[in-house]
Amino acid sequence: QVQPVESGGGLVQAGGSLTVSCRAPASNFNSYTMGWYRQAPGNKREMVAQITSVRTTNYADSVKGRFTISRDNAKNMVYLQMNSLKPEDTAVYYCNAFLNVLFSYWGQGTRVTVSS
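Numbers given in my numbering equal positions in the sequence shown, counted from 1, plus 30.
Do not take every clue at face value.
[As the list claims (entries may be wrong)] Have a look at the derived ranges for each label pair, beta carbon to beta carbon: (1) Thr87 / Leu132: 21 to 27 Å; (2) Glu76 / Tyr135: 17 to 23 Å; (3) Leu132 / Gln69: 31 to 37 Å.
Rather than coming from a laboratory, the hints here were simulated on the basis of the structure. Cβ atoms here follow ideal geometry from the backbone N, Cα and C, with glycine treated the same way.
With these hints in hand, go ahead and build the complete structure from the sequences.
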């Protein structure tokens, strides 16, 4: 069982920056596709960014050019650097560790609030 643990959420002003982190204690961490998802009140959970085992990245159109996902396999960590934050980025951000449909794990989430 892999239990991702997120950290780094908080309150930031519009235009500011914040980095959220996730540690996923898997022995084969480097095989996982790691992703960040978010869910705002009243909305469905949506994909924000993903990074595969070979470091291919994928971003939601709404965050392209502002957010950067990265991973450190030696530390079992994945990061989401968020720049030029907007109030509409306010959400709970969840980390996902995906190996296949049978092995997909979610963290508890970290709240990011962007004030206008």
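Cross-check of the supplied hints:
{"no.": "1", "hint": "Thr87 / Leu132: 21 to 27 Å", "verdict": "holds, 24 Å"}
{"no.": "2", "hint": "Glu76 / Tyr135: 17 to 23 Å", "verdict": "holds, 18 Å"}
{"no.": "3", "hint": "Leu132 / Gln69: 31 to 37 Å", "verdict": "violated, 23 Å"}
Comparing the model with each earlier hint shows a violation of hint 3 alone; every other hint is respected.
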